[in-house]
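Colleague: Sequence:
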Amino acid sequence: KERKEFLEKQKRLRKKRQLRKEQKVEKKLQKKVSLQNAKEAKEDKEKVIPITKWEERQNYQHFLKRQENHRISASQRIRELLEQSKKKKQKRNNPIKKRN
Numbered sequence: 001k002e003r004k005e006f007l008e009k010q011k012r013l014r015k016k017r018q019l020r021k022e023q024k025v026e027k028k029l030q031k032k033v034s035l036q037n038a039k040e041a042k043e044d045k046e047k048v049i050p051i052t053k054w055e056e057r058q059n060y061q062h063f064l065k066r067q068e069n070h071r072i073s074a075s076q077r078i079r080e081l082l083e084q085s086k087k088k089k090q091k092r093n094n095p096i097k098k099r100n
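Numbering (full-length UniProt numbering), first residue to last: 1 to 100.
Read the hints as simulated data drawn from the structure, not as lab findings. Computed from a prediction, not measured in an experiment: that's the story for all the values here. We treat Cβ as the ideally placed atom computed from N, Cα and C, and that holds for glycine. A hint or two may mislead.
[What the hints assert, rightly or not] So the derived label-pair ranges between C-beta atoms look like this:
id, residue 1, residue 2, range
1, R77, W54, 33 to 39 Å
2, K24, W54, 41 to 47 Å
3, K24, K1, 31 to 37 Å
4, K65, K45, 25 to 31 Å
5, Q23, I51, 46 to 52 Å
6, Q61, Q36, 28 to 34 Å
7, A41, I78, 57 to 63 Å
8, W54, K27, 46 to 52 Å
9, Q84, Q61, 33 to 39 Å
10, K39, Q84, 55 to 61 Å
[Said to hold, decoys possible] Under the rule of at most 30 Å between Cα atoms (straight-line distance), these lysine-lysine pairs were calculated in the DSBU-like manner:
id, residue 1, residue 2
11, K31, K15
12, K1, K24
13, K16, K28
14, K1, K11
15, K53, K32
16, K28, K15
17, K27, K9
18, K45, K28
19, K9, K24
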């Protein structure tokens, strides 16, 4: 009877050990795969798609247009701010309001 219990216990322990070993191996494999994926992703990032002359020209044209728009909008903003400040000064220096 004791022998039987002892054998069963040994069997259970063996199963547990086996499971642990399998999990360890699986973890190692997963790590390997993830490392490989990371390596591949890095290599993909390093590959640069060459830009054709036409695309370069289009990008430059777009850049110039945006720059011009920005310049225009900036000058408009400056004009608006100047007008606002003039109005404020006029309100402050309004002689009619000062009399009342």
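Colleague: For every hint, state whether the structure bears it out.
Modeller: Against the structure, the hints come out as follows:
Roughly 35 Å separates the CB atoms of R77 and W54, a value that falls within the hinted 33 to 39 Å. A beta carbon spacing of about 55 Å between K24 and W54 contradicts the range 41 to 47 Å that was offered as a hint. Hint check: K24 to K1, Cβ distance near 35 Å, so the stated range 31 to 37 Å holds. A hinted range of 25 to 31 Å for the beta carbons of K65 and K45 is consistent with their spacing of about 30 Å.
Remark: the range hint 46 to 52 Å for Q23 to I51 is upheld by a beta-carbon distance near 49 Å. For the pair Q61 and Q36, the beta carbons lie near 42 Å from each other, so the given range of 28 to 34 Å is not met. Against the hinted window of 57 to 63 Å, the Cβ-Cβ separation of A41 and I78 comes to about 47 Å, which falls outside the hint. Distance hint for W54 and K27: a CB-CB separation of about 50 Å, consistent with the stated range 46 to 52 Å.
Between Q84 and Q61 the C-beta distance comes to about 35 Å, which sits within the given range of 33 to 39 Å. Take K39 and Q84: their Cβ atoms lie about 58 Å apart, and the range 55 to 61 Å holds. Between K31 and K15 the alpha-carbon distance is near 24 Å, which keeps this suggested pair within the 30 Å criterion. Straight-line distance between C-alpha atoms of K1 and K24 comes to about 35 Å, which puts the hinted pair past the 30 Å bound.
For the hint pairing K16 with K28, the CA-to-CA distance comes to about 18 Å; that is within 30 Å, so the pair holds. A distance of roughly 15 Å separates the Cα atoms of K1 and K11; the hinted pair therefore holds under the 30 Å criterion. About 41 Å separates the Cα atoms of K53 and K32, which puts this hinted pair outside 30 Å; it is violated. A distance of roughly 20 Å separates the Cα atoms of K28 and K15; the hinted pair therefore holds under the 30 Å criterion.
Distance hint between K27 and K9 is fulfilled; the C-alpha atoms sit about 27 Å from each other, no more than 30 Å. Simply put, K45 and K28 have alpha-carbon atoms about 26 Å apart, close enough for the 30 Å limit, and the pair holds. Under the criterion of a C-alpha separation no larger than 30 Å, the hint pairing K9 with K24 is consistent with the structure, at around 23 Å.
Hints 2, 6, 7, 12 and 15 from the earlier list are contradicted by this structure; the remaining hints agree with it.
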